[in-house]
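Note that the protein sequences, when read in sequence, are chains A and B. Note that the numbering used here gives residue 162 to position 162 of the first sequence, counting from 1, and the numbers run on in steps of one. Note that the numbering used here gives residue 166 to position 166 of the second sequence, counting from 1, and the numbers run on in steps of one.
These are calculated hints, taken from the structure and not from any lab test. Take the hints with a grain of salt, since some may be wrong.
[Unchecked claim] Below, in silico cross-link-like pairs of lysine-lysine (DSS-like), each with a Cα-Cα straight-line distance of 27 Å or less: (1) A:K318 <-> B:K124; (2) A:K394 <-> B:K124; (3) A:K401 <-> B:K71; (4) A:K250 <-> A:K318.
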Amino acid sequence: MRRAFVNARLLDPASGLDQTGGLLVLGEKIADIGPHIRPDQLSPDIEWVDCHGHCLAPGLVDMRTQFREPGEEHKETIDSISRAAATGGITALVGLPNTRPVIDDVAVVEFVARRAREVKLVKVFVYGAVTRGLEGKNLTELGLLREAGALAFTDGLKAVRDAQVMRNALSYAKAFDALIIQHPEDPDLAEGGHMNEGELATRLGLAGIPAAAESILLERDRRLVALTGGRYHAAHVSSGEGLEIVRRAKSQGLRFTADTAPPYFALNELEVEDYRTFAKVSPPLRSEQDRMAVVQALKDGTIDVIASDHAPHDQESKRIPFAQAEPGIAGVETLLPLALELYHDGVLPLLDLLAKMTVAPARLLGLELGTLGIGRPADLVLFDLDRPWRLNVKGGIGKSKNAPYDGRPVQGQVRMTVVDGRIVYQAAEKPEG
Amino acid sequence: MDDILFPHQHILGIEGMGPDAITAILDLSESYVALNRQRDKKRGDLRGRTVINVFFESSTRTRTSFELAGKRLGADVINIAVEASAINKGETLLDTAMTLNAMHPDVLVVRHPFSGAVQLISEKVECAVINAGDGWHEHPTQALLDALTIRRRLGRLAGLDVAICGDVAHSRVARSNILLLHTMGAFVRVVAPPTLVPADADRLGVDVYHDMAEGLKDVDIVMMLRIQTERMRGSLIPSQREYFRYYGLDAEKLKAAKPDALIMHPGPMNRGIEIDSDVADDINRSVIPEQVEMGVAVRMACLDLLTRNVIANYGEDGTDGGDA
Chain A
1 MRRAFVNARL
11 LDPASGLDQT
21 GGLLVLGEKI
31 ADIGPHIRPD
41 QLSPDIEWVD
51 CHGHCLAPGL
61 VDMRTQFREP
71 GEEHKETIDS
81 ISRAAATGGI
91 TALVGLPNTR
101 PVIDDVAVVE
111 FVARRAREVK
121 LVKVFVYGAV
131 TRGLEGKNLT
141 ELGLLREAGA
151 LAFTDGLKAV
161 RDAQVMRNAL
171 SYAKAFDALI
181 IQHPEDPDLA
191 EGGHMNEGEL
201 ATRLGLAGIP
211 AAAESILLER
221 DRRLVALTGG
231 RYHAAHVSSG
241 EGLEIVRRAK
251 SQGLRFTADT
261 APPYFALNEL
271 EVEDYRTFAK
281 VSPPLRSEQD
291 RMAVVQALKD
301 GTIDVIASDH
311 APHDQESKRI
321 PFAQAEPGIA
331 GVETLLPLAL
341 ELYHDGVLPL
351 LDLLAKMTVA
361 PARLLGLELG
371 TLGIGRPADL
381 VLFDLDRPWR
391 LNVKGGIGKS
401 KNAPYDGRPV
411 QGQVRMTVVD
421 GRIVYQAAEK
431 PEG
Chain B
1 MDDILFPHQH
11 ILGIEGMGPD
21 AITAILDLSE
31 SYVALNRQRD
41 KKRGDLRGRT
51 VINVFFESST
61 RTRTSFELAG
71 KRLGADVINI
81 AVEASAINKG
91 ETLLDTAMTL
101 NAMHPDVLVV
111 RHPFSGAVQL
121 ISEKVECAVI
131 NAGDGWHEHP
141 TQALLDALTI
151 RRRLGRLAGL
161 DVAICGDVAH
171 SRVARSNILL
181 LHTMGAFVRV
191 VAPPTLVPAD
201 ADRLGVDVYH
211 DMAEGLKDVD
221 IVMMLRIQTE
231 RMRGSLIPSQ
241 REYFRYYGLD
251 AEKLKAAKPD
261 ALIMHPGPMN
271 RGIEIDSDVA
281 DDINRSVIPE
291 QVEMGVAVRM
301 ACLDLLTRNV
311 IANYGEDGTD
321 GGDA
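Just chain A, same shape as in the assembly (with noise of 0.2 Å):
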């Protein structure tokens, strides 16, 4: 297969590359880049792709996703995700290990891959837990776990709580060289709350977290990668306490990074407001302060990623009373228009915005993905930078639709996405010339 995609607004964080035109893919890789891909100048048995002058920058990798396959495909599948992932010009996803079973076994991670080469959509990755049953208690076994394709070990929506079995996983880790990701909320403080702690959780009568919860584990977590020298991740930052203690770690030379995902930048606790479940996420959303925190933690690289953090329930996980509602947002086709409303703000270059959703995941979890380097994967995502649409969620291709963006007005959206040269999303309609 031999592809060429034209008049593209060529855009490579990697590489600071922005400039019109071509890309040429050979096979399923990039094979040349530059102004000379024109189509009066490929031999006629090369097919291309007028993109109209929208960009073309690598495929967007996910690394905070829930697929619920194995154990709950009434919200979502492999196959399902997949396809709603190529909708929002994502290439890569990475899974979190909360299925059912845990994937804290080989044969888990082996499942996984078998459903995702079926599928052959996207590319599908898969993080190991760090203790067996997600329990806390004892790790698995991170070694035969990654040479079977976990890209790093996490306990997914939970804490590893224990100071010493983190202590243990950072330390142990090292050998392979392995991440441990965290989801940063210490689960005492965090028991039984529901949302942000403040003015609105007395008002609404519903217990809260306070920002604390999160603070305070990432403090112990930062003094147990200076203690091991291991390689760590913090999820979904959510408040300016827990941003500090991030920027103190980066500031120490420590190996200590951080991502967020759209709802903690492009929402507030005001969302929950008449007791709406589909913003109940874990951590809460919080204040307008905090909000402007994590932007501007954006702004400073203190957040290294922007991921969807993408949570997919059924209606009767969220149409229940707040208390009882499961939290988590559906987010892999929002997360690149949400993501362009900082750019479009004012808040980040359009390469250093890209960067944090393709080549700093990519680098951070250890794949030869998100650059538009000749010889690398054709996994590509073309978008109209500009175009004005309201996010239409109730339509969307992901089996569950519980997110509170509906009728967003955004600007920006997927035309196409490529895996390995092949096209797996195109928009229905034509893009205007």
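Please build the complex by placing chain B on the supplied structure of chain A, with the hints as guidance.
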């Protein structure tokens, strides 16, 4: 009473209710206080109407109060108790709501252990819904009956100093009372150990005290709350003994309040924990039995007003009330 202004389809909370609506309920309640003291207490205003009490949390006094209120107005009243343990299994809350809705009730009176659950039900049914207590959120008829009790005794609500004492954090009664008293122009303080004051309570427009002598100083009303031991997690208070020592209302602590200050309690009381029996039973100061009496009258008024709205909405009798 046809000209009463009551623009609400449901009574889900005091929040969002203006002084006019509150006054309308209290004024109408007065007439039912008189009725309830007569030998013949039955009226036919709600004949042919169906009121269903759905309690997802056990209750004796509130359920009885609503049942009496409905029956005295001539409605058919059904009680449904749903075991709290069954909530997580089988039929979802919304399925239950839809099932009840299909039986064409005129009013659903709902109590639920989770905040917001009653509102959720109200979004799924066509009839009027009264919140009889949801989680830690609101218990509007309790605040209304407290206001009626105060107004009858002291003639007004505006300008009074009211101390709400005890487990404010886990109390829907406290939230509804704070909102109502605030709306009606009273000054509200909460007095509780720091662990039983909800976060940012001062943002609700109340003054927060941790000392009974200071908090009760010169107040007109001392409103005690039940210690919700079943709702506590962690170690919020070390012992009941210590709680009574510092926060239990007794004659000594009461001295700080105005000499004729009224003592209130939503019941059921934990005697010797949050309130001393001598104070609770002081016939000159304690209005606790009166609160129960006012409860029936207030609930009659709520049922009456909401069913009028239903009639107006369906246009059954040609009146145009309810859309004001």
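Tested hints:
no. : hint              : result
1   : A:K318 <-> B:K124 : 15 Å, holds
2   : A:K394 <-> B:K124 : 19 Å, holds
3   : A:K401 <-> B:K71  : 45 Å, violated
4   : A:K250 <-> A:K318 : 38 Å, violated
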